Amino acid sequence: AQSVTQLGSHVSVSEGALVLLRCNYSSSVPPYLFWYVQYPNQGLQLLLKYTTGATLVKGINGFEAEFKKSETSFHLTKPSAHMSDAAEYFCAAGGGSNYKLTFGKGTLLTVNP
Amino acid sequence: NAGVTQTPKFRVLKTGQSMTLLCAQDMNHEYMYWYRQDPGMGLRLIHYSVGEGTTAKGEVPDGYNVSRLKKQNFLLGLESAAPSQTSVYFCASSYLGLLMGNEQFFGPGTRLTVL
Numbered sequence: 196a197q198s199v200t201q202l203g204s205h206v207s208v209s210e211g212a213l214v215l216l217r218c219n220y221s222s223s224v225p226p227y228l229f230w231y232v233q234y235p236n237q238g239l240q241l242l243l244k245y246t247t248g249a250t251l252v253k254g255i256n257g258f259e260a261e262f263k264k265s266e267t268s269f270h271l272t273k274p275s276a277h278m279s280d281a282a283e284y285f286c287a288a289g290g291g292s293n294y295k296l297t298f299g300k301g302t303l304l305t306v307n308p
Numbered sequence: 234n235a236g237v238t239q240t241p242k243f244r245v246l247k248t249g250q251s252m253t254l255l256c257a258q259d260m261n262h263e264y265m266y267w268y269r270q271d272p273g274m275g276l277r278l279i280h281y282s283v284g285e286g287t288t289a290k291g292e293v294p295d296g297y298n299v300s301r302l303k304k305q306n307f308l309l310g311l312e313s314a315a316p317s318q319t320s321v322y323f324c325a326s327s328y329l330g331l332l333m334g335n336e337q338f339f340g341p342g343t344r345l346t347v348l
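If you read the sequences in order, they're chains G and C. Its first residue numbered 196, the first sequence is counted upward by one per residue in the working numbering. Its first residue numbered 234, the second sequence is counted upward by one per residue in the working numbering.
By construction, these hints were calculated from the structure, which means they are not laboratory data. Hints are not guaranteed to be accurate.
[Stated by the list, open to error] Lysine-lysine pairs mimicking DSSO-like chemistry, simulated, CA-CA at most 27 angstroms apart:
1. G:K300 x C:K242
2. C:K304 x G:K295
3. C:K242 x G:K295
[Stated by the list, open to error] A short list of chain G residues far from chain C (calculated; beta carbon distances all over 10 angstroms):
4. S204
5. E210
6. R217
7. N219
8. S222
9. T250
10. H270
11. M278
Here the structure is a predicted model, which is why all the values come from computation and not from measurement. Note that beta-carbon positions come from the ideal geometry of N, C-alpha and C, so glycine has one too.
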């Protein structure tokens, strides 16, 4: 069974600082990996995804993530945080089944002025 | 395109009442999903559908029923609501499931409170 672990339910950074949100997955098959963002009282919006090919994936709003198979990780980064990045971020993994996407429990990002 | 829409946005029920949540998508997607989101739990799959006329159980199907009579609509029913079903419900759709890494598109959610 697939599982997704997000380290840290709450991350707080200063505006302009590096954002690093951690995600580890367990899978017996090559995974598809996703990061979604959820702004308050809204649905989930896709930030970026890894399917095959280049392991460094660029997404919207300046975010990127690197797939590291040896570490079973897919951490999300952004060089400089903006106030508008404050939201909850979800890592998700799929593969082995055509329908099941397993979500992590989410990381709430707070950006301080 | 409206994408994925959900009706209603908010609802308060009393224990034992029934209701239906409607999800509609205009992207001609084959797969549709219902999730519930609870604090600290992430998203958990309730039921899903791989095409018109099909439905299947997800992780937490008990207390819910679904129907997909039309390709663009996916209905989630609560026959006898319980306080444990207080949650935010999200509908999602995708073109062909996870084939080739197709992502899921989410609706804005329905916030349900059961008293």
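Now the hints, each set against the structure:
With a C-alpha separation of about 23 angstroms, the suggested pairing of K300 (chain G) with K242 (chain C) holds against the 27 angstroms cut-off. A distance of roughly 20 angstroms separates the Cα atoms of K304 (chain C) and K295 (chain G); the hinted pair therefore holds under the 27 angstroms criterion. This hinted pair checks out: K242 (chain C) and K295 (chain G) have alpha carbons roughly 25 angstroms apart, not beyond 27 angstroms. Not every CB of chain C is more than 10 angstroms from the CB of S204 (chain G) (nearest about 7 angstroms), against its label as outside the interface.
With a cut of 10 angstroms on Cβ distances, E210 (chain G) stays outside the contact zone with chain C, its closest approach being about 26 angstroms. The Cβ of R217 (chain G) sits about 15 angstroms from the closest Cβ of chain C, beyond the 10 angstroms cut-off, so the non-interface label holds. For N219 (chain G), the condition that its CB be more than 10 angstroms from all CB atoms of chain C holds, with the nearest at approximately 14 angstroms. Non-interface call for S222 (chain G) relative to chain C: holds, since the shortest CB-CB distance, roughly 12 angstroms, exceeds 10 angstroms.
For T250 (chain G), the shortest C-beta to C-beta distance to chain C comes to about 14 angstroms, beyond the 10 angstroms cut-off, and the non-interface label holds. The non-interface label for H270 (chain G) is consistent with chain C: the shortest C-beta to C-beta separation is roughly 17 angstroms, beyond 10 angstroms. Distance check for M278 (chain G) against chain C: the nearest CB is about 23 angstroms away, which clears 10 angstroms, and the non-interface claim stands.
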